[in-house]
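Visitor: Kindly produce the complete structure, drawing on both the sequences and the hints.
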Amino acid sequence: MSKKSRLKVTFLAAVVAVAGLTTAGPALAAPPTASQAQEPAPPTDFVDLPASPLRPEASQEVTLTYRNTTPTSTTVAPQLLVTSPDTGPFLSPSDVKVERRTGHGCWMPVRLGNQTGTLFTDLVGARRTLGAGETLKERYRVTVLNPRAGGTVEPRVALYGA
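Remember, my numbering sits 264 above the position in the sequence shown when you count from 1.
None of these hints come from the bench; they were simulated from the model. Careful: at least some of the hints might be erroneous.
[Said to hold, decoys possible] Simulated restraints, written as ranges between beta carbons of each label pair:
{"#": "1", "residue 1": "Thr399", "residue 2": "Thr351", "range": "35 to 45 Å"}
{"#": "2", "residue 1": "Ser358", "residue 2": "Thr336", "range": "36 to 46 Å"}
{"#": "3", "residue 1": "Arg405", "residue 2": "Asp312", "range": "14 to 24 Å"}
Idealized CB from N, CA, C, for every residue including glycine.
Guide: Take a look at the structure:
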């Protein structure tokens, strides 16, 4: 399976998990409950940022930067993907440690999801609104815990709305 296919599968799995979709049936005809009405909408697009190889010899910092060039506010969410090599072995969350730098300069651990060999950071908790002309800047630190782990670090920004 190619990296692009794995990313699409990862995205779809994350959307299904976040949206809480169920199998088709009579429940789909019922009006949404309060909890369903508050479920976050899935992203409408992604902006891929430059990728880099996963380096097992040392921690690597990744800066994710995105500028809202639209004339209105927009909702975005930074996301870091760590993809497995095309030929495997697939990565697991225990193979790497991902941390995000807070506004106070501390490194906080980030929990990773895992789907088809791609590790990913949460979109729901990372959502924020950028005003017109504002810039999002997130710093991550990726540390390889398994010396046999390989892959690619792929930062991106999820876009929400029209």
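Visitor: Evaluate each hint against the coordinates.
Guide: Verification of the hints:
| no. | hint | in the structure |
| --- | --- | --- |
| 1 | Thr399 / Thr351: 35 to 45 Å | 37 Å, holds |
| 2 | Ser358 / Thr336: 36 to 46 Å | 42 Å, holds |
| 3 | Arg405 / Asp312: 14 to 24 Å | 20 Å, holds |
Going through the hint list in order, the structure satisfies each hint without exception.
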